[in-house]
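Peer 1: Same order as they appear, the protein sequences are chains C and X.
Here numbering that gives the first Met the number 0 is used: position 8 in the first sequence is 7, and no number is missing along the way.
Here numbering that gives the first Met the number 0 is used: position 247 in the second sequence is 246, and no number is missing along the way.
Calculated from the structure, these hints are not laboratory results.
Bear in mind the structure is a predicted one, so any value in this text is a computation, not a measurement.
Any given hint could turn out to be false.
Subject to a maximum C-alpha distance of 35 angstroms in a straight line, what follows is the list of computed DSBU-like cross-link-like pairs (lysine-lysine) [said to hold, decoys possible]:
| # | chain 1 | residue 1 | chain 2 | residue 2 |
| --- | --- | --- | --- | --- |
| 1 | X | Lys14 | C | Lys34 |
| 2 | C | Lys6 | X | Lys243 |
| 3 | X | Lys173 | X | Lys5 |
| 4 | X | Lys162 | X | Lys150 |
| 5 | C | Lys17 | X | Lys243 |
| 6 | X | Lys231 | X | Lys139 |
| 7 | X | Lys132 | C | Lys17 |
| 8 | X | Lys7 | C | Lys6 |
| 9 | C | Lys70 | X | Lys231 |
| 10 | C | Lys35 | C | Lys24 |
| 11 | X | Lys184 | C | Lys6 |
| 12 | X | Lys5 | X | Lys122 |
| 13 | C | Lys17 | X | Lys89 |
| 14 | C | Lys17 | X | Lys184 |
| 15 | X | Lys184 | C | Lys70 |
| 16 | X | Lys132 | X | Lys88 |
| 17 | X | Lys122 | X | Lys132 |
| 18 | X | Lys173 | C | Lys6 |
| 19 | X | Lys231 | C | Lys6 |
| 20 | X | Lys122 | C | Lys6 |
| 21 | X | Lys280 | C | Lys70 |
| 22 | X | Lys284 | C | Lys70 |
| 23 | X | Lys14 | X | Lys160 |
| 24 | C | Lys17 | X | Lys284 |
| 25 | X | Lys231 | X | Lys336 |
| 26 | C | Lys24 | X | Lys334 |
| 27 | X | Lys324 | X | Lys338 |
| 28 | C | Lys35 | X | Lys243 |
| 29 | X | Lys150 | X | Lys334 |
| 30 | C | Lys17 | X | Lys162 |
| 31 | X | Lys150 | X | Lys170 |
| 32 | X | Lys243 | X | Lys5 |
| 33 | X | Lys7 | X | Lys167 |
| 34 | X | Lys324 | C | Lys6 |
| 35 | X | Lys170 | X | Lys7 |
| 36 | X | Lys120 | X | Lys89 |
| 37 | C | Lys6 | X | Lys280 |
| 38 | C | Lys17 | X | Lys334 |
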Amino acid sequence: MIDFGFKLSPSSRIDLDKVDRTLLKRIADMEPDFKKCMACGSCSATCSAGAYKATSMRRAILALQNGLTNKALEELESCMLCGKCTLVCPRGINTRHLILSIQKICGEK
Amino acid sequence: MIYEGKQKIWSDYQKEIPDDHYFYVRSCIRQSFFPASEAAFLHITRNILNKDIFETEHHTTCGGIAYHSDAIPQETAMTIIARQFALMKKYGYENYVCSCITSFGLYCETMETWREFPDLKEKIAENLWKSCKLEFAVPKFLVHASDMIYKYRNQIAAHAKFKLVDHKTGKPLKVVEHIGCHYSKMFPSKGVGGAEYPYVLAGMIEAWGGEVVDYPERRHCCGFGFRQYFVKSNRGYSLSNTYKKFESMEPYEPDLIITNCPGCPYFMDRWQYVIAESEGKTYGKNGHGIPVMTYEEVAGLVLGFDPWDLGLQTHQIGPEPLLDKMGIPYNPEEKYKGKNGKDLGQPRQLDCIR
Chain C
0 MIDFGFKLSP
10 SSRIDLDKVD
20 RTLLKRIADM
30 EPDFKKCMAC
40 GSCSATCSAG
50 AYKATSMRRA
60 ILALQNGLTN
70 KALEELESCM
80 LCGKCTLVCP
90 RGINTRHLIL
100 SIQKICGEK
Chain X
0 MIYEGKQKIW
10 SDYQKEIPDD
20 HYFYVRSCIR
30 QSFFPASEAA
40 FLHITRNILN
50 KDIFETEHHT
60 TCGGIAYHSD
70 AIPQETAMTI
80 IARQFALMKK
90 YGYENYVCSC
100 ITSFGLYCET
110 METWREFPDL
120 KEKIAENLWK
130 SCKLEFAVPK
140 FLVHASDMIY
150 KYRNQIAAHA
160 KFKLVDHKTG
170 KPLKVVEHIG
180 CHYSKMFPSK
190 GVGGAEYPYV
200 LAGMIEAWGG
210 EVVDYPERRH
220 CCGFGFRQYF
230 VKSNRGYSLS
240 NTYKKFESME
250 PYEPDLIITN
260 CPGCPYFMDR
270 WQYVIAESEG
280 KTYGKNGHGI
290 PVMTYEEVAG
300 LVLGFDPWDL
310 GLQTHQIGPE
320 PLLDKMGIPY
330 NPEEKYKGKN
340 GKDLGQPRQL
350 DCIR
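Using the sequences and the hints, build the whole thing.
Peer 2: Shown next, in the form of structure tokens:
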């Protein structure tokens with residue numbers, strides 16, 4: 000094979016047709032309200048931990064939908080379970096409980 | 000939607016393309032990448048459409064490559080451009096047509112900058128007078144050469160000897176159209192159809208009997224991008240962009256790719272070889288790639304020009320499967336013959352792609 004001195008860069012593209020949805024389905028089965036999220040970001044805006052560390056419920060949910068489990072766990076790692084996100088969620092999702100379920104199913108903490 | 004309303008919205012996406020009397024400027028790189036494209040444009044517009052297209056040997060580069068590579072500052076590029084425009088005025092023209100998309104984008108950027116900053120415009124006029132003793136001018140209309148072919152696409156179709164149709168089955172060929180980023184992504188109002196619905200090439204394909212392929216990465220850049228290519232270690236980024244596009248269009252099995260930019264057809268043509276060599280993948284049938292052509296070359300084929308006179312032998316991907324499909328006769332023995340039958344020499348035959 001010819002060495003051109005350069006090669007294809009790995010793609011950061013997410014092909015939703017190829018994403019493994021097993022964990023997502025387990026989370027949705029345990030927390031049916033998970034599907035109600037409309038990604039408004041109210042939870043992230045009010046997050047106490049988010050003011051100091053990269054913590055965002057909205058980004059965690061997006062990462063799970065894109066099959067990026069580790070990224071979702073990183074986003075929730077600094078959560079202090081204060082529950083302010085639950086108070087502000089316009090869809091009434093028990094986000095505090097959802098965070099615990101995500102961490103439980105994804106095998107962390 | 001109300002039809003009249005739809006027509007009104009679409010009319011906002013159109014640009015005015017004058018009928019005749021143009022000052023033509025060539026591209027730096029197209030003449031070596033696609034040696035017959037500009038000659039084909041001049042032949043079609045002058046001899047078939049009977050238009051007045053003037054060109055002079057005194058025009059130079061627009062400075063776009065040096066400007067986009069950060070080798071010269073904007074004011075230098077502007078003075079070079081002012082000289083081109085001054086030549087247009089000197090020869091008595093008001094309409095400016097350029098062959099290159101990079102030039103077209105840079106002309107748009109320059110004219111817009113002059114409109115926003117009149118002081119700078121005056122300074123450039125002064126620079127021009129000091130350096131060249133030429134009178135400053137701005138074109139009344141600035142168009143790209145593909146705009147002109149688009150405007151006269153139906154007249155070309157009326158003269159057509161071949162169509163973008165499989166002559167055996169009668170089915171339209173599946174054609175990918177790729178618009179150069181500098182055509183309408185920077186200044187959407189300067190391109191036919193704007194940045195959202197660029198129609199300049201799609202209009203040609205439809206007029207000449209083909210079917211436009213709408214695929215997910217249709218508006219993605221080819222990857223040329225100047226800096227990505229000029230620095231060798233960055234070329235993987237350029238290659239990856241092209242790869243992304245080909246992976247996206249592959250399921251639609253296109254017969255042909257038409258472009259209106261100097262860099263896009265070159266890279267989409269040549270990178271197919273690099274992908275075949277390094278990844279072992281080809282995107283056409285039976286080890287062939289997908290032919291990538293300029294709009295002038297396709298217009299020439301439609302009008303019945305000899306494929307070798309159009310310079311199709313200089314492409315990496317052989318055009319033969321397309322010519323066979325369209326029913327265009329060609330002599331394989333003439334493929335590498337130059338002007339007056341001169342032997343150009345044959346390239347090495349590749350195993351990985353044809």
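Peer 1: With a cut-off of 35 angstroms on the C-alpha distance, tell me whether Lys17(C) and Lys184(X) pass.
Peer 2: holds (31 angstroms)
Peer 1: Holds or violated: Lys35(C) and Lys24(C), Cα atoms, limit 35 angstroms.
Peer 2: Given pair Lys35(C), Lys24(C) holds - Cα atoms ~14 angstroms apart, limit 35 angstroms.
Peer 1: Does Lys150(X) pair with Lys334(X) here, judged by a C-alpha cut-off of 35 angstroms?
Peer 2: At roughly 32 angstroms apart (the allowed maximum being 35 angstroms), Lys334(X) and Lys150(X) satisfy the hint.
Peer 1: Keeping to a limit of 35 angstroms between CA atoms, is the pair of Lys284(X) and Lys70(C) held or broken?
Peer 2: violated (40 angstroms)
Peer 1: Hey, Lys231(X) versus Lys139(X), does the alpha-carbon distance stay inside 35 angstroms?
Peer 2: Distance ~40 angstroms between Lys231(X) and Lys139(X) Cα, so the pair is violated.
Peer 1: Holds or violated: Lys120(X) with Lys89(X), Cα cutoff 35 angstroms?
Peer 2: holds (19 angstroms)
Peer 1: Is the hinted pair Lys35(C) and Lys243(X) satisfied, with a Cα-Cα distance of at most 35 angstroms?
Peer 2: holds (33 angstroms)
Peer 1: Within 35 angstroms, alpha carbon to alpha carbon, are Lys17(C) and Lys284(X)?
Peer 2: Between Lys17(C) and Lys284(X) the Cα gap is close to 26 angstroms, so the pair holds against 35 angstroms.
Peer 1: Against the 35 angstroms threshold, does the CA-CA distance of Lys231(X) and Lys6(C) hold or violate the hint?
Peer 2: With Cα atoms ~10 angstroms apart, Lys231(X) and Lys6(C) stay inside 35 angstroms; holds.
Peer 1: Taking 35 angstroms as the top limit, are the C-alpha atoms of Lys6(C) and Lys243(X) close enough?
Peer 2: holds (13 angstroms)
Peer 1: Is the straight-line distance between the alpha-carbon of Lys132(X) and that of Lys88(X) 35 angstroms or less?
Peer 2: The given pair, whose Cα atoms are some 13 angstroms apart, holds under the 35 angstroms limit.
Peer 1: Does Lys334(X) sit within 35 angstroms of Lys24(C), going by the straight-line distance between their CA atoms?
Peer 2: violated (59 angstroms)
Of the hints listed earlier, those the structure fails to meet are numbers 1, 6, 7, 8, 12, 13, 20, 22, 26, 30, 33 and 38, in rising order.
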